[in-house]
Amino acid sequence: MLEEGNIINELLIERLNYFIYVVLLLIGLYGMIAKKNLIKKLIGMSIFQTAIILFYVSVAVKEGSTIPIYLPEHDPHGHTGDIKESNITDAIHAGPSVLKSELVKDYSNPLPHVLMLTAIVVGVGTLGLALALCLRIYQGYGTIEEDELLAKMESREIRSKSLSVQIPKEKSEISNRRKPPSKKGKPQPTSKSKSVSKKKSVSTSKSENQVSVKSSRSQKNKKAVKKVVGSKVSNKGNKS
Amino acid sequence: MGLALFNTFILLLLVVAAILALRVKDLLTAAVVFAVYSFLMCLLWAEMGAVDVAFTEATVGAGVSTVVMIATIFNLKRKSSD
Amino acid sequence: MKIFTLIPVLFVGALLLYAAKDFPEWGSPSGPASDSPVSSHFIANTGVDTEVPNMVTAVLADYRGFDTMFETVVVFIAGMAVIAILKNSGRKKPVRREYEVDAEPDLIVTNTVRLLIPVIQIFAFYVLAHGHVSPGGGFQGGVLMGASFILVALSWDLETALARFPMQWTTIVAGLGIVLYAGIGIFSMFLGGEFLDYAELAKVFPVSREMARYHAMLGVEIGVGLTVTAIMFSLYANLSSEGRLQRGL
Amino acid sequence: MENAIAWILIFPLLGSVACAILGIFNRKICYPIAVFSMAGSFWAGIETLIQVISVDGHIVSYLFGGWTLDAYPRGVGIEFHADILAILITLVVLGVGLIVALYSKLPVQEETPDKEPLFYTLFLLQITGLAGICLTGDAFNLYVLIEVAALTGYGLIAMGSNRAAAATFNYLILGTIGASLYLLGVGYIYIKTGTLNMVGIREVILAQGLAESPTMQVAFVLIGIGILIKMAFFPFHAWLPNAYCNAPTTTSSLLAPLVTKVMIYVMIRMILSVFGVEFSFESNLWTELLPWLVVVAIICAAVMALAQREIKRMLSYLIVAEVGYMVGGVWIYNYYGMIGSIFHIISDACMTLCLFLGTGIILRKCKTTHFDGLRGLFSKMPLTMSGFFIGGFSIIGLPPTCGFFSKWYLITGGMVSERWEYMVVLMFSTMVMVVLFFRMIERIYLAVSESGKNLGHGHGDLGLNEEQTRFDEGPLSMVIPLLLAAATVMVIGIYNQNVVDLIELFLEAFDLPKGTMR
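Chains as they are written, first to last, in our numbering: chain A, 1 to 240; chain B, 1 to 82; chain C, 1 to 249; chain D, 1 to 518.
It is possible that part of the hints are untrue.
[Said to hold, decoys possible] Dumping the calculated DSBU-like pairs for lysine-lysine here, alpha-carbon to alpha-carbon at most 35 Å:
(1) B:Lys-25 - B:Lys-77
(2) C:Lys-2 - B:Lys-79
(3) C:Lys-21 - A:Lys-105
(4) A:Lys-152 - D:Lys-514
(5) B:Lys-77 - C:Lys-21
(6) A:Lys-36 - B:Lys-77
(7) A:Lys-152 - B:Lys-77
(8) B:Lys-25 - B:Lys-79
(9) A:Lys-36 - A:Lys-152
(10) A:Lys-152 - B:Lys-25
(11) A:Lys-152 - B:Lys-79
(12) C:Lys-87 - A:Lys-36
(13) A:Lys-100 - C:Lys-21
(14) C:Lys-87 - B:Lys-79
(15) C:Lys-2 - A:Lys-152
(16) A:Lys-36 - B:Lys-79
(17) A:Lys-100 - C:Lys-203
(18) A:Lys-36 - C:Lys-2
The hints are simulated quantities; they were obtained by calculation from the structure and are not laboratory data.
Sequences are here, hints too, so could you generate the full structure?
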């Protein structure tokens, strides 16, 4: 009882920083794992990372120390301290000197600060990249909720499988992109879609047992392909 | 003592801000609360003597990353399910 | 479901609290981290080794300069990856959102920003250049500089900002920042030292070995600043317009 | 050359920037830049290997920024600490990078049009990060480099389809948790030892007897979990199959052989050089727990692989199983197991490379990697299929491929340390792989229908029509790298004794139980 009280006392009062950092870290971790919304996950991620940074910064603290920038009297270039008129030339010519070991504890530890600058930067980089992924996911699936996203991905997979086992949807997308990018100008969309569908019919004929895919469905698929190709081409036209 | 009190106060506010940022259903609000969280963190670090880290967090955490996050949320749905 | 996610979270929490009681006293100057030869060396000798008053800058750009180079590279990667992910991904034409109105940029806002931006940019230069003696440095300066361009994009529109800082230029500037950083390192390598051994630059420039480090650090910070400026703006431009680079926000 | 070790990273770093800048003006220039900088980097790697072998003590220590050890305390600057293990894995990374760079010309043009400069930028930075991870001797620098490798990896994977973006998001979340836990672990080490240099940490742990300290043990657990997440060890493997399956061809053939293996290298590095053998293996319940987790991991991954009907997805699960092999080899705590693990990192990188390169060519030719689309491919593309199956035989562990020898050492390790469960599970997964690959051979060589019925009419007739048997090999720029990779698999297998000699030279310094061979 007393023992426990001591620990809590110690944690809450003397090491509040360490305690709060653990709490923040857990909040962040929970947000990352449990939240369904992708942006919420990212906020959780940032909280998680800042909690770790808080830990490092807490390590650097020394009681009664100042920031890790030399005070004027220790500054290698600033001789504004209590230098007497008589020895001012000495002070300038002596150049900077090693700080005495008892003065070292007057400055807080610079190393964790440096590490955390790097960590913050890495955090921003990760956040930016993750936001770009969110945008991309939203473009593709129209949602940023994890459960809806999974459901949509699954249904799309099933649909593409039922359409043709041989060409899953992503693959056909890739094959559309396979047009050499050097072909600029304004190619006719109809001829392109024809070539795509021809390629497709060749590949479907390869599988004897897959020929019996329902024709209406494959028609629909062809139309969809045509649409995609058409929009691509018009994009290219705009660009050039 | 004064600084310790300040420290404790900010630490508790940080926890509140963190929970709030994760609980709010509106993503824009969440992003802004997250900016508040970052800024509190920046204050805390400045108080702990990590001026460079605090400066970076002020420019990056409370500044650019919030702007970028809001810019992204404008292109997404604002509402969140949790 | 949420119960299951709590298990790993609580496991990590228990693990961390278990260790917390073993930590050295909070803020004690005699803890192993604060009292180690490495950090004592940083505090005691930064002035002698590099003549830079701000120890954080010295450690960042010189002692652990290799880390910082890769920190810059991380920023660069983020920018490149965002472009790679979003380029040609979605609709070419932006959808009109319900809150959008066709209006000229607000007069009050634009005029205020017109006044503000020079101040911000000068402050950014100050932060970058003054990082040796005060808090700040390449990274913070770069972010401020990038923020000034973001402000243009926010108060006018993205096209106006991109006319001042085109997307190709962001890539070029960001790359040049890294080239500047690595180039200083390689140059000092050709002069006979190790990679990033700025002291060797004293062989070509009329300064002492310590001051060579001092000035090379400024060069390095400028490199960091260039990269960060460009990438911060590029991040905003790409994310706000879904990679189309028009009609963002 | 004195600074060769620095050039290993400088070449791809500058190459990537050159790709980004010059790629704006001329997209075609990126491929030669990438190949050239990879070749330069590989050359620097060979140079460093020669240095490491010739130098006394077999360690090349390179201090960035000229913060030499005689004038400054250790850990003031950042150190590159290249021992034999580090440089061997670096060479694997660079070699795989070079082969994939050669291979990348067509697939990159076709799958990610107008993104070639971005692709090569990220590609080269990925190599930079991975090679740096292998060489660095600084715990925090390792974190930064892990993030460099991770961020480029996210970018490279998500460059492809929307599905890939969704898969990458999971990868990103898990990867960030892993890297952050690693960072936290480094913080715990730092708070106790006050240094970040790996050699320095080791010295402090030995000098102050920190093995009993709870902080160090928690640091060990945190770093361990972080690395296990990063290497897609079984309970944390969820990100890997989706990410690698949906990635563009070149990306998956670069990431699949390297990322997980490099993380296993990090684990070995942490165990041997940072925490020390006795700390890692004797004061923890991990030694008891992890081999059993490995057993579960290998069985689950093998069964999952068996259930897949698509090559890429099947290979992804095989990677998860292989990770289980290597983790097991380390944690059975045995000299031979360690040799096996290290050798398996090398051979697994080569054979996974073979398989993924082959899959890329199949995907390009057939537009699918589903098993049903492979019918009669052997007569169509004999070279590709031979390369692919050399990789496959190596995964199964048929001599004289390198997979046989590394597996041999792993099994010996299990036998000597009397970890029968590990041996049994190795045998089991070997069986599974035999089934997997012979099922594929059946489909590729013969024309077997979905239901398993041979469509041929009698002896010698494979049931293939004219069109299916026409010789139609993939483009040379893709086939030659594949054959190069296959040759590497064979060469490492034939000269396995030389590789093992090198690894033994490295392990001399560590006190691992050898046991007796029965």
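(message) For each hint given before, does the structure comply? Return the numbers of the non-compliant ones in rising order.
(response) Of the numbered hints given earlier, those the structure breaks are 4, 5, listed in rising order.
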